[in-house]
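S.K.: Here's the letter readout for the chains.
2 protein chains.
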Amino acid sequence: MKRLTDLTYGIIGLGIMGGSLAKAIRLNILSRTNSTGRIFACNRSTACLVQAENEGVVDKTFTTDQVSQMLPECDVVFVCLYPHATLDFLEVNKNNFKSGAIVTDISGVKGIFEKRLPEILRPDVDFIIGHPMAGGEKEGYANSKAEFFIGRNYILIPQNYNKEDDLNLMKLLINEMGFTRITITDCDTHDYKIGFTSQLCHVIASALVESAGDEQITAFGGGSFEDLTRIAMINAPLWTELFISNKEKLTYHIEEFAKRIDQFKNLIQNEDSKGLNELLEDVRQKRIRMGSVKTVEKKNNGDLSR
Amino acid sequence: MKRLTDLTYGIIGLGIMGGSLAKAIRLNILSRTNSTGRIFACNRSTACLVQAENEGVVDKTFTTDQVSQMLPECDVVFVCLYPHATLDFLEVNKNNFKSGAIVTDISGVKGIFEKRLPEILRPDVDFIIGHPMAGGEKEGYANSKAEFFIGRNYILIPQNYNKEDDLNLMKLLINEMGFTRITITDCDTHDYKIGFTSQLCHVIASALVESAGDEQITAFGGGSFEDLTRIAMINAPLWTELFISNKEKLTYHIEEFAKRIDQFKNLIQNEDSKGLNELLEDVRQKRIRMGSVKTVEKKNNGDLSR
Chain D
0 MKRLTDLTYG IIGLGIMGGS LAKAIRLNIL SRTNSTGRIF ACNRSTACLV
50 QAENEGVVDK TFTTDQVSQM LPECDVVFVC LYPHATLDFL EVNKNNFKSG
100 AIVTDISGVK GIFEKRLPEI LRPDVDFIIG HPMAGGEKEG YANSKAEFFI
150 GRNYILIPQN YNKEDDLNLM KLLINEMGFT RITITDCDTH DYKIGFTSQL
200 CHVIASALVE SAGDEQITAF GGGSFEDLTR IAMINAPLWT ELFISNKEKL
250 TYHIEEFAKR IDQFKNLIQN EDSKGLNELL EDVRQKRIRM GSVKTVEKKN
300 NGDLSR
Chain U
0 MKRLTDLTYG IIGLGIMGGS LAKAIRLNIL SRTNSTGRIF ACNRSTACLV
50 QAENEGVVDK TFTTDQVSQM LPECDVVFVC LYPHATLDFL EVNKNNFKSG
100 AIVTDISGVK GIFEKRLPEI LRPDVDFIIG HPMAGGEKEG YANSKAEFFI
150 GRNYILIPQN YNKEDDLNLM KLLINEMGFT RITITDCDTH DYKIGFTSQL
200 CHVIASALVE SAGDEQITAF GGGSFEDLTR IAMINAPLWT ELFISNKEKL
250 TYHIEEFAKR IDQFKNLIQN EDSKGLNELL EDVRQKRIRM GSVKTVEKKN
300 NGDLSR
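Protein sequence lines correspond, in order, to chains D and U. For the first sequence, numbering that gives the first Met the number 0 begins at 0 and goes up steadily by one. For the second sequence, numbering that gives the first Met the number 0 begins at 0 and goes up steadily by one.
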């Protein structure tokens, strides 16, 4: 298997995710002695490229026009664009990838990938569908950091055409970047479950902010409203695309959630103390059993994890 | 005005809130040189009383049967019981309070106080309606801490019978305990706004946990679900009482929220990218303007704040 320390990594889109991936690779992999690896980055606007190069995070930068010079050099390419833009990028740059390269994405919806990928793929380029489950309410390279992935999940969706060696390299890379857990699944399950844990939560947070009649209402808060709506500092174009790309599964989850909200409303309206108490006790027990992704034991990455 | 360092404080109910109040008073007020003040505590079960006395947090403890010996000594009494139990306690112990004492509560609903208090009150005991806006998902004295109130709101609901000196003493005490902001309001406004920022949020978090079909779903999470449902590790009997005691205002908020959820569902179902993008942009701007209770500038408490 190739050595992670000797590869050339390409980052397409140097925002919060692309930037954090670059920083995690720099810190945890390429800072080792005898490493010969490099990080190349391409971005539409150049300010973040200059910053990342000055900070020593990336070795060489490329504008969008220059990407055809960058891709033939890259052994592993992270395409960190919006979902449809990722697929468009793969299509346009089909002939630019290095033979034998691993190409991967970070998209929050996968159904559209399963549909379009077969037409786009080249047999000698291994596209691995992935989804690093990390994010911040603030966008952009300026908010990226190497520690972003510590304690987080990475979802991988292997396809029958993926080479085993490439999947193993990808898993090793994910682990070295600081992720705690790799979850293997298929596109349909991904979209169903992410529709619940991520997209539904963003819809709820957004609806809650919209239903606040008074923007000064946090003067009466104990922190619950802030906790529930932190993710509502939302990147509107991205989430519009994610919601609509996963329309059927997401609306199913919204409807199920609305039924539960209605159940609570009825118990309260009927002053059904016994029923409400039982339901809340069930909630408590369920929530405790569900635990927290953040308490999952961190794998020991050796002395390189900081 | 009386000196905070020389008062005898009584805590009725030494759970997470009562315990944190005791610890904050001990740390920030009674640890000063020349302080002659004391903290007395009463609780139904005795384990926490023993612990608090051993830890030097309280000076003297009382079982429920002994409360009539405790109250006549206390200058400031925090009744940290459930809402209806607080009112019952005030009624039963009406004749036990020290003349000139300040008595206050921590209840999350206030409408029931406005209704029942006038019959219960003694003219020489000043009852100040209050609500410290802090809480944790874990109950009990074991989870209390002095730092619990730092950066938090305290709501005060002065009544026309409250003495100005007592209100000023209470405000000083709140400030010294570490709270960042005191919000003055009336019972109706309190219940309306807390119905939104606190109770609605707990209903939403609970409904979200209940609508999770699969308890392993956090394996697919990036933290959003955990953030939205942390408060769902809920104290069922307490919140049953809070929800039902504020039934009308809470069901109004639930209905308004449900309308917003429905609005999102329709935009997604109709693939209305433009409308959804505009709505999410509005959410983002609103949420940014709302800021965070935690970023409110902390008042300088002098060298006693730690």
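Keep in mind that the hints were calculated from the coordinates and are not lab data. Don't take each hint at face value.
The list treats identical chains as interchangeable, and a pair is accepted whether it falls inside one copy or across any two copies.
Claimed, not checked - List of simulated lysine-lysine pairs, PhoX-like, C-alpha gap at most 25 Å:
hint	residue 1	residue 2
1	K248	K59
2	K258	K248
3	K273	K137
4	K248	K1
5	K258	K246
6	K162	K97
7	K246	K97
8	K248	K273
S.K.: If you test the structure against every hint from before, which numbers come out violated?
M.R.: 1, 4 and 7
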